[in-house]
Amino acid sequence: MSAYARVPLIGLWFAFLALPLAGWKRSLWIGLGCAAVVFVVSAARASVQSGSLAGPAARVKEKFVSAWGFIEEKSCDKRYFSLFLLLIIALPWTLDRYSTDVLVITGIYIMLALGLNVVVGFAGLLDLGYVAFYAVGAYSYALLNSWYGLSFWPALGVGVASSALFGIILGIPVLRLRGDYLAIVTLGFGEIIRLVLNNWDNVTQGPNGILGIGRPYLGDMRLYKPMHFYYLVVILCIVTIFIVNRLDRSRLGRAWAAMREDETVAECMGVNIVYTKLSAFAFGAAWAGFGGVVFAAKQTFISPESFTFFESVIILCMVVLGGMASIPGVMLGAFILTVLPEALRELTLFRPMLLGGAMVLMMVLRPQGLLQARGQRHHLERGDEPESGAGR
Amino acid sequence: MFAQQLVNGLVVGAVYALIALGYTLVYGILQLINFAHGEIYMIGAYVGIAVLAVLGTMGLTQTSLALSIVLVFLIPMIYCAAYGITLERVAYRPLRGAPRLSPLISAIGMSLFLQNYVQVVQGARDKAFPNLLELGSFQLFGAYVNGLQIFILILALGLMAALQLFIKKTKLGKAMRATAQDRTMASLVGVNVNRVIAVTFAIGSVLAAVAGVMVGMYYGIVNHHIGFVAGMKAFTAAVLGGIGNVTGAFLGGFLLALLESFWAGYVSAVYKDVFAFMVLVVVLIFRPQGILGGSGEADRT
Chain A
1155 MSAYARVPLI GLWFAFLALP LAGWKRSLWI GLGCAAVVFV VSAARASVQS GSLAGPAARV
1215 KEKFVSAWGF IEEKSCDKRY FSLFLLLIIA LPWTLDRYST DVLVITGIYI MLALGLNVVV
1275 GFAGLLDLGY VAFYAVGAYS YALLNSWYGL SFWPALGVGV ASSALFGIIL GIPVLRLRGD
1335 YLAIVTLGFG EIIRLVLNNW DNVTQGPNGI LGIGRPYLGD MRLYKPMHFY YLVVILCIVT
1395 IFIVNRLDRS RLGRAWAAMR EDETVAECMG VNIVYTKLSA FAFGAAWAGF GGVVFAAKQT
1455 FISPESFTFF ESVIILCMVV LGGMASIPGV MLGAFILTVL PEALRELTLF RPMLLGGAMV
1515 LMMVLRPQGL LQARGQRHHL ERGDEPESGA GR
Chain B
52 MFAQQLVNGL VVGAVYALIA LGYTLVYGIL QLINFAHGEI YMIGAYVGIA VLAVLGTMGL
112 TQTSLALSIV LVFLIPMIYC AAYGITLERV AYRPLRGAPR LSPLISAIGM SLFLQNYVQV
172 VQGARDKAFP NLLELGSFQL FGAYVNGLQI FILILALGLM AALQLFIKKT KLGKAMRATA
232 QDRTMASLVG VNVNRVIAVT FAIGSVLAAV AGVMVGMYYG IVNHHIGFVA GMKAFTAAVL
292 GGIGNVTGAF LGGFLLALLE SFWAGYVSAV YKDVFAFMVL VVVLIFRPQG ILGGSGEADR
352 T
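Sequence lines, in order, name chains A and B.
Read in order, the letters of the first sequence are residues 1155 to 1546 in my numbering.
Read in order, the letters of the second sequence are residues 52 to 352 in my numbering.
Note that these hints are calculated values from the structure, not bench results.
Yeah, the Cβ is synthetic: ideal placement off N, Cα and C, and Gly gets one too.
Among the hints, a few may not be true.
[To be verified] Pair by pair, the computed Cβ-Cβ distance ranges are:
| hint | chain 1 | residue 1 | chain 2 | residue 2 | range |
| --- | --- | --- | --- | --- | --- |
| 1 | B | M236 | A | T1418 | 51 to 57 Å |
| 2 | A | W1178 | B | V121 | 20 to 26 Å |
| 3 | A | V1350 | B | F217 | 23 to 29 Å |
| 4 | B | V280 | A | D1374 | 48 to 54 Å |
| 5 | A | T1418 | B | V333 | 23 to 29 Å |
[As the list claims (entries may be wrong)] Chain B stretches covered by chain A per the calculated footprint, using a threshold of three residues with CB under 8 Å from any CB of chain A:
| hint | region |
| --- | --- |
| 6 | 97 to 103 |
| 7 | 168 to 178 |
| 8 | 182 to 195 |
| 9 | 305 to 315 |
| 10 | 321 to 329 |
| 11 | 334 to 342 |
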């Protein structure tokens, strides 16, 4: 029963913590809320352990697993797959412009999250400045278009190339750094890019941003409706998924996984760490650039405000929430985190706070994410990796 | 100009140094970058405002200045220690032994959570930090120096000395050093590792709280995102001095602030933050162990 004795204490403790900032009324609610959450969690845990809920919990889990297995199996089936594709193609005809627009944004985020997944999920390098590459892509199209009138399709190539180049430029100096240093350096890099964009007035027009970026053309057709962009983004997403999926199973993908699990061992087994790390950075950055060009073309206006640290964190959150290294998981994460805020507009103020809380909870309760990556199911259980690198 | 930038740099350096100590202490023991540390500093400043408001309504700021100065530091220190311990308990302890990426992501999540929690409960606007100390200013080698700046410097140096004494002389300090060297071994010889880690977080947070109140007094204004940039800079300072190294963090804080201050004075004020990040990148590439060396056993916390 000592598990329940601590419930009011925990409530009191959090009320105490909240007191000087939130005022006594809200602190009371915060304390009650925390106590309730702890009570429910410990009650659920106790009943699962003691057996009264163990059966049902296991059954629910089993059902979920088998349902997911069913989906996975059927999604490889050509008939179901084409049905799904048909649904995706038909979707914008049933929605209004606004919802289509949200889906376009979702698609861009799916590309970004899949790109970040290459860096974080596959290669295990925590990149907190990912949005910088997104900015590089967006600005290279915006600048080239407004100065030299470069059109969308060649700009797509240029944007991807310049982002990848930036990825390599960032990658070279940080090659030797360990994971947590890497996170800080990439964070710093992201901030540098944003500050430069914000202050280099005569090139980027500073905080005012760049207006009137050209729309893409397909033959003679100007793409400007949300629906046009929807199809564009769907095609690009499919290309991205295809390439990322192939990468995951390629020799390079295996090298990434090996490096993620243990760099030293991987190197001993003949993985070229320099090449492997740089390619992860370059691929991730290239996809961000890809997304950036599409974003600039869709918005026709970009400013440094779109490329803040928070944006990097959101994309990271998509990867973490969905499940690192799992392609369907990351897509699900991107979908949830773009559609849910649209549905819950009243909670906009609380959104960053909830995101942060979700990241902590996800790491503590389910570090593998909503959908676990294939091939990780039989290991990476918690505690399986004793003190990994912690003492090094 | 030179003297003035020097004075400004020293004051900011005191703040960076105090925050950097928290990073370095935690890193020394857990090899974890506590991303949320900057937010603890920000919370310290906000609690300071709340304390001043209460003292003001009680009329204590008029009647007993000395007591209110003590309280304005002491209560945020207690609160931040509580926040630090809770942070460790909720976000880091369950993840000990998890893959390396997990505690980092959890730390970022916690940072985001705390920053926006303060925004939700306190509003997004800047908050004024009431002026408590009316100290005169004087001129020294052509630089204006005021009493508050001297107070901040002395307080920071005093805390640093106290921390050194604590780590070198007390039993708990010894336990901290032992845990930093080898956590498993320390627990085998009877050190309560969980308690030592909690104490480490508490000490780091106390120092951050002092820094927060100092900044509030110095600039007279506080908002909910001061923690992010200050945290980044203090981390840079900790790396510059050699992460895990207490003296190094202190020196790194002053060094970074001075470099930054001269850069802002002589080169470009706009790119001040960019400069700090460049310092970080350059140090990490060319001397990742910092100026004093992070893994030197002798001075390691």
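field: Violations among the numbered hints
entry: Hint check: 1, 3, 8, 9 fail, others pass.
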